[in-house]
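> Spelled out from the first residue to the last, the chains are:
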Amino acid sequence: MSVAVDSDRAFVDEIRRIAGDVAAVHADAVDRDARFPAEAVAALRQAGALSAFVPTELGGAGVSLEAVARACYELGRRCSATAMVFAMHQIQVATIVRHLDAGWFESYLRRVAAEQRLVASVTSEIGTGGDMGRSIAGVVPAADGALSFVKQAPTVSYGAHADDLFTTVRRSEDADQFDQVLVLHHGDQTELEPKGTWDTIGMRGTCSPGFEVRARFAAEQILPAPFSTVMNESHVPISHILWSHVWLGIATEAFERGRAFVRAAARRSPGTTVPAAHSLSRVMSDLALLRAEVRAGLEDFVGEGEDAGRDRLGTMASILRFNNLKLAASEQAPRICMGVLEVIGIMAYKNDSPYGVGRQLRDALSARLMVANERIHAVDAGLLLIAKEV
Amino acid sequence: MNTTLNDEIRQVLSDHARLPVNAASLDEHADLFQAGMSSHASVNVMLALEDVFDVEFPDAMLRRSVFESITAIAGAISELRRQAA
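Protein sequence lines, in the order shown, are assigned to chains A and B. Going by the numbering used here, the letters in the first sequence line up with residues 1 to 390, in that order. Going by the numbering used here, the letters in the second sequence line up with residues 391 to 475, in that order.
Think of the hints as simulated: they come from the structure by calculation, not from any bench. Given the structure is predicted, the values throughout are model-derived calculations rather than measurements. Worth double-checking, as some hints may not be accurate.
Chain A is faced by these chain B residues, among others (derived, beta-carbon under 7 Å) [stated by the list, open to error]:
id	residue
1	Gln424
2	Met436
3	Arg453
Covered by chain A, per the in silico footprint, the following chain B stretches (three or more residues, Cβ under 8 Å) [unchecked claim]:
id	stretch
4	427 to 433
5	440 to 449
By construction, the Cβ of each residue, glycine as well, lies at the ideal position given by its N, Cα and C atoms.
Just need the whole structure built from these sequences, with the hints factored in.
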């Protein structure tokens with residue numbers, strides 16, 4: 001067995017331990033109080049997990065994307081908020097790793113590894129209709145030779161808890177709205193003025209209210225690769241892969257609660273067929289479909305190799321492929337939680353029951369809204385007219 | 391060189407790209423997306439190009455960079471014609 005595979009396994013084992021020993025213990029309180037999962041994130045920091053995807057030569061663990069995805073799944077089973085914070089952080093790190101130029105961003109990744117810095121992302125913006133590929137805010141020169149921007153963000157997940165933020169803006173004030181760059185700015189270079197609250201039906205612990213984001217930074221903190229490239233080659237497909245692993249984790253946890261309920265019922269009446277087992281079997285086939293799609297999405301991405309594959313990620317067929325992963329997973333996950341609710345009945349509806357799936361159902365409902373599925377369908381509707389193999 | 395091809399492409403752009411500027415006077419290297427072509431309009435441009443030039447863009451060509459300027463589009467069409475010949 002290769003060293004890389006061993007380090008992947010050790011990493012996933014450690015994440016599974018944190019998920020069970022820490023994230024699961026606080027998950028209900030995080031949900032009830034809509035508070036940041038501080039204990040679990042501290043444990044992830046302690047384990048060096050925030051730099052898991054950073055190459056070893058820069059001080060990280062250098063694990064594979066498959067291992068990171070598996071970690072999202074393991075955390076998703078125990079605490080959706082922890083899992084989503086972890087996933088979103090890894091998306092930012094993976095984006096930097098994949099579009100790395102020697103220089104400032106390399107030294108930044110060393111800091112992520114040494115200091116276990118947590119990175120949040122500011123991609124959505126009021127006035128763009130949910131289109132991440134457009135920006136209104138632009139980079140403007142500040143008086144002292146630094147650069148600055150002001151961006152109105154409708155949601156910034158764990159923005160107030162992050163060490164750094166990764167924000168899309170127009171390259172300059174007179175740049176086209178599609179001519180975007182990513183700026184990595186530190187917390188002490190940033191002012192976050194809260195615009196609203198985060199009292200939601202699910203994913204409450206991600207703490208994602210809107211903010212007016214004001215930042216001052218140096219030119220070297222702009223990622224050299226244009227966001228239009230970064231978006232197709234890394235940001236969108238990796239987001240859809242890691243999010244869908246979180247959702248698979250949530251749905252799997254709901255299913256396992258259904259199974260525990262059915263097994264308990266079967267033990268009470270040996271020799272008879274439990275009607276709930278039949279319904280659970282239907283849910284299981286939905287779960288199998290979800291798992292297959294989530295794994296296939298990951299395999300397709302990893303199978304794209306480095307050079308030729310990277311190039312293919314910019315094609316319409318590839319954009320459709322990873323959009324389909326998001327659409328399928330986000331619609332299937334809450335359906336599975338609903339199915340389990342019906343299998344278990346009132347014991348699943350109760351919040352204080354060991355068979356409760358309220359939290360999983362509410363958390364899973366966020367999936368179709370984080371980048372609204374209707375918006376993705378609108379994009380796909382155009383692409384499928386011209387793409388050849390879909 | 392390629393004057394006819396470029397003119398035909400300009401005509402397609404004029405009909406389908408919904409540019410705020412005149413396609414006839416557009417520099418052949420100008421970035422069409424920066425000139426205001428939306429993603430939605432670009433799909434219509436691709437469909438029209440396939441129709442007008444009787445070609446099919448394979449998936450590998452269906453990317454932003456292939457359609458970002460008149461020159462880039464002309465290159466793609468010439469390439470497909472070479473392959474068909």
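> Against each hint, give a clear statement of whether it holds in the structure.
Now for the hints, and whether the structure bears them out:
1. At a threshold of 7 Å, the smallest CB-CB gap from Gln424 of chain B to chain A is about 5 Å, leaving the interface hint in force.
2. The interface hint given for Met436 of chain B holds, since its Cβ lies 5 Å from the closest Cβ of chain A, which is under the 7 Å cut-off.
3. Here the hint on Arg453 of chain B is kept, as its CB sits about 4 Å from the closest CB of chain A, short of 7 Å.
4. With 3 residues bearing a CB less than 8 Å from a CB of chain A, the stretch 427 to 433 of chain B meets the requirement of three and the coverage assertion stands.
5. For the stretch 440 to 449 of chain B, the stated coverage by chain A holds: 5 residues have a C-beta nearer than 8 Å to a C-beta of that chain, and at least 3 were required.
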